[in-house]
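Engineer: Spelled out, the chains give:
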Amino acid sequence: MSFQQVKFYQTGTLTVGNRLLDEALRTVQATTDRSNSLDSGHRACQGCGEALGARYALDAAMRATDNQLIATNATGCLEVFTTPYPESAWRIPWIHSLFGNAPAVATGIAAAMRVKGRQDVRVVAQGGDGGTTDIGFGCLSGMFERNDDVLYICYDNQAYMNTGVQRSSATPGAARTATTQALGEEPGADFAKGKNVPLIAMAHNIPYVATASVDRLHDLEAKVEKAMSLHGARYIQVFVPCPLGWGSKPADTIKVARLAVESGLWPLFEAEHGEVVSVTEIRRQVPVSDYLKLQRRFAHVLGNERQLARVQAVADANIRRFGLIKGQGV
Amino acid sequence: MKAKPFAITLDVGSSLLNKTGSWRTERPVYLDRIPPCNNACPAGENIQGWLAHAQAGAYEKAWQELMRDNPMPAVHGRVCYHPCENHCNRIEVDSSVSIHAVERFLGDLALQQGWKIRVDAPPSGHRIMVVGAGPSGLSAAYHLTRMGHSVEIFEAGPMAGGMMHFGIPAYRLPRAELDREIARIQDIGVRMAFNHKVQDVVAEKEAGQFDAVFVAVGAHLSKRVDIPARDAGKIFDAVSFLREASAGQAPTLGRRVAIYGGGNTAMDAARTAKRLGAEEALIIYRRDREHMPAHPSEADEAIEEGVKINWLRTIKEIDQSKIQVEVMQINAEGYPEPTGQFETLEADTLILALGQDTDTGFLQQVPGIEFKRDGTVVVDANMMTGHAGIFAGGDMVPSERTVTVAVGHGKMAARHIDAYLSGEQYVKTEKHPLASFDSLHIHYLTEASQRLEDHLNPNSRLYGFDEVVRGLSESEAAYEAKRCFSCGNCFECDGCFGACPEHAIIKLGPGMRYRYDYNLCTGCAVCFEQCPCHAIDMIPEPGV
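Chains P and Y, in that order, are what the protein sequence lines are.
The opening residue of the first sequence carries number 3 in this note's numbering; numbering runs sequentially from there.
The opening residue of the second sequence carries number 96 in this note's numbering; numbering runs sequentially from there.
Everything labelled a hint here was simulated from the structure, so no lab data went into it.
The C-beta atom is built at its ideal place from N, Cα and C for all residues, glycine as well.
In silico EDC-like pairs for lysine to aspartate or glutamate, Cα to Cα no more than 16 Å straight-line:
no., chain 1, residue 1, chain 2, residue 2
1, Y, K602, P, E25
2, Y, K411, Y, E432
3, Y, K114, P, D41
4, Y, K114, P, E89
5, Y, K417, Y, D443
6, Y, K318, Y, D454
7, Y, K403, Y, E374
8, Y, K211, Y, D282
9, P, K197, P, D136
10, Y, K211, Y, E155
11, Y, K602, P, D35
12, P, K251, Y, E121
13, Y, K467, Y, E495
Over 12 Å on every C-beta distance to chain Y, these chain P residues come out as not near it, computed from the model:
no., residue
14, D122
15, V123
16, G175
17, P189
18, N207
19, K295
20, K328
Just need the whole structure built from these sequences, with the hints factored in.
Structural biologist: Here it is as structure tokens:
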């Protein structure tokens, strides 16, 4: 990442700002003139991770494009809590059409801008994991395959939260949702199901794919900035805890995201043209139970050694696969 | 009315009309807590405050902040036993911030750069007499002068500094730094009269038309013990020995020097004896290391220099070149008790370092002043003796006897004297609650081990009185300062500002911190969890 490392201070460059850091090198979120693309008064729940993730990503994209940005939005919490007709919490040009077609709408806008000769105006499409990994997946794959000049940002809270916490193809194994109850031999969601859209995006050989988390702001902003410096289809999946759907305390939103990263369950990496080019290493590894115990959706796992071991195995596999701990990759 | 697009029936609205603050059942509030270092400092320094300036490289600002409470940072960076570091929350993570080393760096830099102190207060017209130019008297004089009062110090000895000059050896406190820090106190207008022993405080107060007096004569009388001696060799008391050694007039020692006692003075005497050419310096102490009053670093440095310590021994009898000692053991209550076993140690000189008493006889005649059985003077919470207008502090009042405590007494006395002169009572500002380690959210901390100060090689130490501990370089001092957690006080990391999902926090700019917009804050407490130093608390929403 291209940011100055301030060491030996309590927070270094790991938090939002730092008075010892050069102004130019602080995060967008540390500045009073950040665009607040998603402004106050939205109706997201207390401690909403998605509201944070969307502001972080879009404010960074706004800075990177000198405020020449248009966003499309899939149906989902993000659309519902920001834009109950006729009011809006968005302070950028923003369009909503359907649940499944945000990538296609973005493709159209990008084409229109090209025709109008407005190369300066850039396009971002965004949606939750349901609108991205399930319902909008066809349009998304098409947008990737055509290498349209769009950055697609998926805010991943691992289920359909807006409609009452139903399982999506991004729901992790063992998680309790309204449709994967914590009952029977294998309580919660199946381990064998679901899809890893960042890896699928990489298989499209597009210029840029990254994962990010709301607890790593410098990392997240650097990835958005990098994505906006490139053209063609780009994809970033941001990990955004959902206090309501996950049964975590609103206060713990960023903490939960941090533990997902530190346990290895949410690997942070960047890929260009189908190849992983950088990974963000785990600072202090924690057992997955540290992450699980803050969430009621995993309450049954803590007393179930076999399931706990399976969740740990997922984290261990990520650590091996992406080399998240020095000397432990392949 | 403007025509609306097809199928649009309502005007565009903004979410800003939603007052999401109405959801709240708890609210975050910014607050300040007292960091454990500040809380532990006997001189009442705002350690966290000056470290914050040092972190930013604003060394003069850091030094000025330090000087608000302590006029002698170069001295304290060397001789203070830094209780601040023993209480530093960073100990729970790796090791404490080396506060004393940063203080010494700032103190030395100030001397090197010739930074000056300004007296901003207008002259008050009050005159104050200080008896004794030791750390306590100097500190009181300094603070009173900065408050606008006119101060005169009467010192019985030939120069200022007290025990800093006559007790602490030069290898711990080089005289150049000491003298220059004292000179700086004189520079702001403190007058000092040397070789002036005050016998009658009340008469001198009247003769000099002083409005108040601060007495701080220290404790210079070595305690004595009766030891049966058949044919005693040389016996000295540690205070006189150290005083003469520092004046370059040390008595001739034998080849083997025994020191009786386990405090810092005993360590100083043993190390000084080694430097004066004694082949052997052996300490005899009746308790063990765990129960010694000496600071562990002093004992360690003494041992490095070849001083031998005989723990759990009391002297029974001395002969020309032999000392008979009895072996002791620590009983269940932690006290030493005799075992009936005896040993003989070879020594031809004995230095007694069994503690000091204070010579307060000259105050006996002053009406109202009361004394403890050991001669120390009783003072009230305002540092005033039983005689109105006469205050006392330092080693001569019941307390721990260190330079820093003495300097703290001087500052405290100055505040009370200032209030007394205007017929008021000094009211201490109430302390904030303590910022404990458990209350911090240190998840973002970066590991950083302490930078240790270099020590002079033990072999070359014994050739003279060169300073043993070397200071830190600028980059090392800046590094140490940056290890501070800023426990309990906002240091503007923007953690809350960035973490608020509602954008309900208003950033007020450098040095001004933040403010909540309670119309918007939903009370989710993400900011509280993100605040690394616990400068935010969640309180129940009023009326809920």
